[in-house]
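Novice: Spelled out, the chains give:
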Amino acid sequence: MAANEVLLNVVDLVKHFPIMKGVLIQKQVGAVHAVDGVSFDIRKGETLGLVGESGCGKSTTGRAILQLHRPTSGSVFYEGKDLVKLKGENLRKTRRRMQMIFQDPYASLNPRMTVGQIITEPMLIHDMTTQKDTQGHAERLLKLVGLNPAYTSRYPHEFSGGQRQRIGIARALALEPALIVCDEPISALDVSIQAQVVNLLEDLQAELGLTYLFIAHDLSMVRHISDRVAVMYLGIIVELTSRDELYANALHPYTQALLSAVPIPDPVIEANRKRIILVGDVPSPVNPPSGCRFRTRCPLAAEICKEKKPEFREVAPDHWVACHMV
Amino acid sequence: MTTQVSHPSTGQTQAHIANLTMMTVKPRSLWQDAWSRLIKNKASVIGMVVIVIFTLLAIFASVIAPHNPLQINSGKGFTPPMWIPVGPNGVPADPNFIFGTDTLGRDVLSRTLYGARVSMTVGFLPTFIIIFVGTIVGLFAGYRGGRIDNLLMRITDVVYAFPDLLFFIIVMVTLRQTPIGQMMNGLFLLFSALAVVNWVGFARIVRGQVLSLKEKEFVEAARCIGATDSRIMFRHLLPNSLGPVIILTAMSIPGMIITEAVLGYLGLGLIPSTNPKDFFITSWGASMLEGQTAINAQPWLLLLPAIAVSLVVLAFTFLGDGLRDALDPRLQGTQ
Ligand SMILES: Nc1ncnc2c1ncn2[C@@H]1O[C@H](COP(=O)(O)OP(=O)(O)O)[C@@H](O)[C@H]1O
Ligand code: SF4
Ligand SMILES: [Mg+2]
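Just so you know, the protein sequences line up as chains A and B, in that order.
Taking our numbering, the leading residue of the first sequence gets 1, the next gets one more, and so forth.
Taking our numbering, the leading residue of the second sequence gets 1001, the next gets one more, and so forth.
Hints are computed from structural coordinates only; laboratory data are not their basis.
Incorrect hints may appear among the rest.
What the hints assert, rightly or not - When the alpha-carbon atoms are kept at most 20 angstroms apart in a straight line, the in silico EDC-like pairs for lysine to aspartate or glutamate are as follows: (1) A:Lys93 x B:Asp1229; (2) B:Lys1026 x A:Asp244; (3) A:Lys308 x A:Asp41; (4) B:Lys1042 x B:Asp1325; (5) A:Lys93 x A:Asp127; (6) A:Lys85 x A:Asp12; (7) A:Lys93 x A:Glu176; (8) A:Lys87 x B:Glu1220; (9) A:Lys93 x B:Asp1328; (10) A:Lys44 x A:Glu176; (11) A:Lys44 x A:Asp104; (12) A:Lys27 x B:Asp1149; (13) B:Lys1214 x B:Asp1229; (14) A:Lys81 x A:Asp41; (15) B:Lys1026 x A:Glu139; (16) A:Lys143 x A:Glu202; (17) A:Lys44 x A:Glu311; (18) A:Lys87 x B:Asp1094; (19) A:Lys143 x A:Glu89; (20) B:Lys1042 x B:Glu1220; (21) B:Lys1214 x A:Asp104; (22) A:Lys143 x A:Asp82; (23) A:Lys21 x B:Glu1217; (24) B:Lys1076 x B:Asp1094; (25) A:Lys44 x A:Glu207; (26) A:Lys306 x A:Asp41; (27) A:Lys44 x A:Asp203.
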């Protein structure tokens, strides 16, 4: 891994979904603040874990980076270009190097296309192959993800969830991407299958030099695969540091709460450790709390947390936190 | 999905077995699956056979018909069907006229065969135009949303609010004497009116499909791999919206055939032709109108076209039911 070379640079990314009302004349009455100003780098060859409770804006962040949802504001720099400013053909060409693996293996494959058509469509779109060479490419890609190359003429409904997820990975690999956004790629799978898919992703990373943004909803899932971990809460990143630092020395109260929910295999430690139980629900992203977003559930919340938004700053080398009390 | 708590190698063995099973079974698309479900449904198969038979009868009416449908046989009027020795008017049956003759001595069977042309054409021709227009409009409205979508929904509301039959009657009455009203012996106007009323149904159903499909991850995946909007619409959304379109097609054809028959019966459908070179000579609706004037003396005049209409309508309804079961949208995208 080239030390700390940045592949992708996200700056103050914001995505608001407008809420419209009215039958004939639509009026905007508010917005879902799905992502509300996140900044981070993704380094070449690393796996950056993105963790947070369901609904906190992880998928939206991933999609906004790939411009599948056009951001409300902010920038995403890739090879010196701001993807947010790219349009049409330029965007399509640049985005080739960034692909996505989806959460739902049943909804992410077109049920009317054969597996061969699904995984070679990207190459045909980008003129990387011709119709008569697709068969060879399809077989090569299936082998790459550990599926039988004889399956090219099969349809998605003939496969299991884990196999479908491999097909989705093959489709993403077809374009020889540099970055893959993995949006909870194992959450929908059987526990017995999850490890296989994670191992496949790791093998592919080693073999092809891929960079991953790996989204998950709990810390135990990303622990194994991530180099660094970003913790998200209600549209913002509250803590970002290397995996080992995070698990040993989490600074943000929210991260600490999440960590205390992860079971520890040692029964003595498990029985004696201090638990931080989160009370209450995640506030609505339509109307997020003032100041620090976590203050409604934070055991350390003070007056300043209500008035002032905590700055996301580097409190130790490579350890970023957004909290007044750190 | 099964949960496995057993030894890890069981998982491998099972995967291996699944692999072997898949190697021995032929690949099947969802369309093939649906087709095999459809042909297991007896009523649908009978429906399809009846439709094919009537379509062939319509196409080859001029070859099959034993007589010229326009030929007036003076002195042979009121002939009853073959199996009735003497009709109510004392006219004996004639083996030349299997289903008897009408008041003017024209062969009822031949006229009914020619009538199939109108009904089958009414069933198919406007439908194909409607499917084409409705599907494209629905696809764009659903995918793009915004103004096109709003406009479509308002037009749909208006069309649904207006009573269909009243609309047909008004159109046929007011425009019948114009050159457009005379085209294709009045059928062109009828087709146009049917199309105006029916295309919105198709547009709406496709729009609904597209609205739910476009949120699916495979559409997002398509955008991610660089597919253009038109590729997403025609390669990804359209094939997945066709199931309900096919069902709706089979379901709306009977309505159109009945509408033609009703309008024909009211004297507002096909303008009966006296030119033997015409493709459309008479329709079942027109035949029923002629038949009902002498219903007591010659019930067969009314009955034969009425039975034909019922058979065809029933056949399409059976087929539509079978298609609905075979293409059940709930099964799409799952095992
Ligand atoms: N297309 C959309 N339109 C409106 N709101 C959306 C849309 N997508 C996501 N949201 C909202 O944005 C918030 C973040 O969603 P998401 O990014 O999917 O969360 P996560 O992936 O972390 O579970 C949620 O409140 C969700 O309801
Ligand atoms: S800023 Fe205040 S409310 Fe927010 S996490 Fe820190 S202590 Fe808690
Ligand atoms: Mg998500």
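Novice: Hint by hint, note whether the structure agrees.
Specialist: Okay, the hints, checked on the actual structure:
For the suggested pair A:Lys93 and B:Asp1229, the alpha carbons sit about 15 angstroms apart, so the restraint of at most 20 angstroms is met. Between B:Lys1026 and A:Asp244, the direct Cα distance comes to roughly 50 angstroms. Violation of the 20 angstroms bound is thereby established for this hinted pair. At roughly 25 angstroms between alpha-carbon atoms, A:Lys308 and A:Asp41 are farther apart than 20 angstroms, so this suggested pair is violated. As the CA atoms of B:Lys1042 and B:Asp1325 are separated by approximately 12 angstroms, the hinted pair is consistent with the 20 angstroms bound.
Distance restraint check for A:Lys93 and A:Asp127: the Cα-Cα separation of roughly 11 angstroms lies within the 20 angstroms cut-off, and the hinted pair is therefore satisfied. Annotation: proposed proximity of A:Lys85 to A:Asp12 holds, straight-line Cα distance about 14 angstroms (limit 20 angstroms). Straight-line distance between C-alpha atoms of A:Lys93 and A:Glu176 comes to about 12 angstroms, which keeps the hinted pair within the 20 angstroms bound. Taking the CA atoms of A:Lys87 and B:Glu1220, the gap is about 17 angstroms. The hint holds against a cut of 20 angstroms.
Of the supplied pair hints, the one linking A:Lys93 and B:Asp1328 is violated, its CA atoms being roughly 39 angstroms apart against a limit of 20 angstroms. Using a Cα cut-off of 20 angstroms, the hinted pair A:Lys44 and A:Glu176 holds, with the two alpha carbons roughly 15 angstroms apart. Distance hint between A:Lys44 and A:Asp104 is unfulfilled; the C-alpha atoms sit about 27 angstroms from each other, more than 20 angstroms. Our distance criterion of 20 angstroms between C-alpha atoms is met by A:Lys27 and B:Asp1149, whose separation comes to about 16 angstroms.
Between B:Lys1214 and B:Asp1229, the direct Cα distance comes to roughly 11 angstroms. Compliance with the 20 angstroms bound is thereby established for this hinted pair. Using a Cα cut-off of 20 angstroms, the hinted pair A:Lys81 and A:Asp41 holds, with the two alpha carbons roughly 14 angstroms apart. Restraint check for B:Lys1026 and A:Glu139: satisfied, since their Cα atoms lie roughly 18 angstroms apart, inside the 20 angstroms limit. Between A:Lys143 and A:Glu202 the alpha-carbon distance is near 16 angstroms, which keeps this suggested pair within the 20 angstroms criterion.
For the hint linking A:Lys44 to A:Glu311, the alpha-carbon distance of about 26 angstroms lies beyond 20 angstroms, and the restraint is violated. For the hint pairing A:Lys87 with B:Asp1094, the CA-to-CA distance comes to about 80 angstroms; that exceeds 20 angstroms, so the pair is violated. Note on A:Lys143 and A:Glu89: the hinted pairing is violated, with a Cα-Cα distance of about 31 angstroms set against a maximum of 20 angstroms. Our distance criterion of 20 angstroms between C-alpha atoms is broken by B:Lys1042 and B:Glu1220, whose separation comes to about 40 angstroms.
With a CA separation close to 15 angstroms, the supplied pair B:Lys1214 and A:Asp104 stays within the 20 angstroms bound. Taking the CA atoms of A:Lys143 and A:Asp82, the gap is near 35 angstroms; set against the 20 angstroms cutoff, the hint is violated. With a C-alpha separation of about 26 angstroms, the suggested pair A:Lys21 and B:Glu1217 falls outside the 20 angstroms cut-off, and the hint is violated. Note on B:Lys1076 and B:Asp1094: the hinted pairing holds, with a Cα-Cα distance of about 9 angstroms set against a maximum of 20 angstroms.
A distance of roughly 14 angstroms separates the Cα atoms of A:Lys44 and A:Glu207; the hinted pair therefore holds under the 20 angstroms criterion. Proposed proximity of A:Lys306 and A:Asp41 is contradicted: the alpha carbons are some 29 angstroms apart, above 20 angstroms. For the given pair, A:Lys44 sits about 16 angstroms from A:Asp203 by alpha-carbon distance, which is consistent with the 20 angstroms threshold.
Hint check: violations occur at hints 2, 3, 9, 11, 17, 18, 19, 20, 22, 23 and 26; the rest are consistent with the structure.
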